[in-house]
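A.B. asks: Each chain, letter by letter, is given below.
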Amino acid sequence: MGLRVEKKYLSAGRLQSKESTHLVTVEESKVSADSDDEFYDADKVDPSQEVQSGDVNAEIGNTNQEETYSLKEELECLVHGGLPMALRGELWQAFVGVGARRVEGYYGSLLASEGELEDGGCSDSLASEGVDERPEVLSAFSAEEKCKGQIEKDLPRTFPGHPALDDVGRNALRRLLLAYARHNPTVGYCQAMNFFAGLLLLLMPEENAFWTLAGIIDDYFDGYFSEEMIESQVDQLVLEELVREKFPKLANHLDYLGVEVAWVTGPWFLSIFTNVLPWESVLRVWDVLLFDGNRVMLFRTALALLEFY
Amino acid sequence: MASRRRTLLKVIILGDSGVGKTSLMNQYVNKKFSNQYKATIGADFLTKEVQFEDRLFTLQIWDTAGQERFQSLGVAFYRGADCCVLVYDVNSMKSFDNLNNWREEFLIQASPSDPDNFPFVLLGNKVDVDGGNSRVVSEKKAKAWCASKGNIPYFETSAKDGINVEEAFQCIVKNALKNEPEEELYMPDTVDVVGGNRGQGSSGCC
Numbered sequence: 001m002g003l004r005v006e007k008k009y010l011s012a013g014r015l016q017s018k019e020s021t022h023l024v025t026v027e028e029s030k031v032s033a034d035s036d037d038e039f040y041d042a043d044k045v046d047p048s049q050e051v052q053s054g055d056v057n058a059e060i061g062n063t064n065q066e067e068t069y070s071l072k073e074e075l076e077c078l079v080h081g082g083l084p085m086a087l088r089g090e091l092w093q094a095f096v097g098v099g100a101r102r103v104e105g106y107y108g109s110l111l112a113s114e115g116e117l118e119d120g121g122c123s124d125s126l127a128s129e130g131v132d133e134r135p136e137v138l139s140a141f142s143a144e145e146k147c148k149g150q151i152e153k154d155l156p157r158t159f160p161g162h163p164a165l166d167d168v169g170r171n172a173l174r175r176l177l178l179a180y181a182r183h184n185p186t187v188g189y190c191q192a193m194n195f196f197a198g199l200l201l202l203l204m205p206e207e208n209a210f211w212t213l214a215g216i217i218d219d220y221f222d223g224y225f226s227e228e229m230i231e232s233q234v235d236q237l238v239l240e241e242l243v244r245e246k247f248p249k250l251a252n253h254l255d256y257l258g259v260e261v262a263w264v265t266g267p268w269f270l271s272i273f274t275n276v277l278p279w280e281s282v283l284r285v286w287d288v289l290l291f292d293g294n295r296v297m298l299f300r301t302a303l304a305l306l307e308f309y
Numbered sequence: 001m002a003s004r005r006r007t008l009l010k011v012i013i014l015g016d017s018g019v020g021k022t023s024l025m026n027q028y029v030n031k032k033f034s035n036q037y038k039a040t041i042g043a044d045f046l047t048k049e050v051q052f053e054d055r056l057f058t059l060q061i062w063d064t065a066g067q068e069r070f071q072s073l074g075v076a077f078y079r080g081a082d083c084c085v086l087v088y089d090v091n092s093m094k095s096f097d098n099l100n101n102w103r104e105e106f107l108i109q110a111s112p113s114d115p116d117n118f119p120f121v122l123l124g125n126k127v128d129v130d131g132g133n134s135r136v137v138s139e140k141k142a143k144a145w146c147a148s149k150g151n152i153p154y155f156e157t158s159a160k161d162g163i164n165v166e167e168a169f170q171c172i173v174k175n176a177l178k179n180e181p182e183e184e185l186y187m188p189d190t191v192d193v194v195g196g197n198r199g200q201g202s203s204g205c206c
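Protein sequence lines, in the order shown, are assigned to chains F and W.
Numbering follows full-length UniProt numbering, in which position 274 of the first sequence is assigned residue number 274; successive positions increment by one, without gaps.
Numbering follows full-length UniProt numbering, in which position 19 of the second sequence is assigned residue number 19; successive positions increment by one, without gaps.
Same shape as in the complex, but just chain F (with noise of 0.2 Å):
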């Protein structure tokens, strides 16, 4: 627990330098929502809340270190109460860092060797098990195409039956998956990751998804999706002993039935609570997690919830 507190000041300190970022981006952001408004309810949208973030930004860039300290406060206050709809998208790219890590071209070089692929590619989910026949072929080609494999499977069963998800929506999900898996090859593709790119798919353009989902696994998740898995079941640990700790109860009730906590709440946590809560809530965790940098939230969520049983 105290390299994860350690690393909540660090994130404070992160912070200040995101501010910088968001105030950039939300001039931007009030050209792009109206794009995003088609794939949500538009009365979402509180216009009072959206000029109070901007005053927010405003003020913060001619302040000193206390005031900003003051405001930083208020915008955490701000983001507890839930983002407006039309600035999510891109007050998740501030949260993340988008602006620093983006480096241009990037996003095409990593698909720039799918274009000469596209004729097998397209066919993919048919061929890859003539590929798997033969012995010679090299690990790291394998270890894509087994992605690649898993991508084609998922595609389908990512949201099904949302309006967005058609085959251009699709398109642009497998491109974003196939991207990331070759920007991190130890990672490659985990299921779950395909939710993650959905819903960023639905918020923001491609290639920005891709900058915040690589910051998102690279960085508040590092260690968790690769196929060990060791942080994820560090934190079910973790989340164990505060249930032993907050809810004896409820410990000794699990224990009775002979049911570990990361049996239930594993998912949970793997998933970001996507397809576990409803989607307004969904976002609204979202928020708070991708804003403080940490994945501090998910242990909040997660007992907040089973404090309710």
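Worth flagging that the hints you see were computed from the coordinates, not collected in a lab.
Note that beta-carbon positions come from the ideal geometry of N, C-alpha and C, so glycine has one too.
Not one of these hints is a red herring.
So the derived label-pair ranges between C-beta atoms look like this:
| # | chain 1 | residue 1 | chain 2 | residue 2 | range |
| --- | --- | --- | --- | --- | --- |
| 1 | W | 148 | F | 279 | 47 to 53 Å |
| 2 | F | 249 | W | 101 | 38 to 44 Å |
| 3 | W | 56 | F | 258 | 16 to 22 Å |
| 4 | W | 116 | F | 252 | 33 to 39 Å |
| 5 | F | 279 | W | 136 | 37 to 43 Å |
| 6 | F | 308 | W | 51 | 28 to 34 Å |
Let chain F serve as the given structure and place chain W on it in line with the hints.
C.D. replies: Same frame as chain F, but now just chain W:
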């Protein structure tokens, strides 16, 4: 207390990603099929009350994620399983070839007291697809595999059309009960008698 515990039967469903594990579980428990299932993350479970030979049981069915890496975390719940259901897609040779891996991984992680006689049931799913024309794994091949692993009961199913799903799960319950005598922690006397009878009965049927 011990007798209350004994009425719970724990079943684990394993198999490659996309073979229809979630669909089979939902068809059996809710009698419904949807072609809009979401990919399973980690693991999930459903329960169903079942009656078998005048005894009432709670069947706890664990549905698992097919992607291999989830094996590295969610395997503790394999322990204490009463039956393991292996699923493959009759239209995918790869999902059939991987059955050995799933079976072995289960035996390693669950470490049952008598691995050679631990009850497995094999389901060849998606027999409805394309009227059977895209099928690549023959029934004969599947049955030969079952025979080589100690006569594992085999069913050809369609979660979509509800074909053989009920029958398969009845066999799963029966085989889960066969496992009873190994767990001598609870009610060992009663269990020995019932388990002994059933063991003989099902070796004939398999």
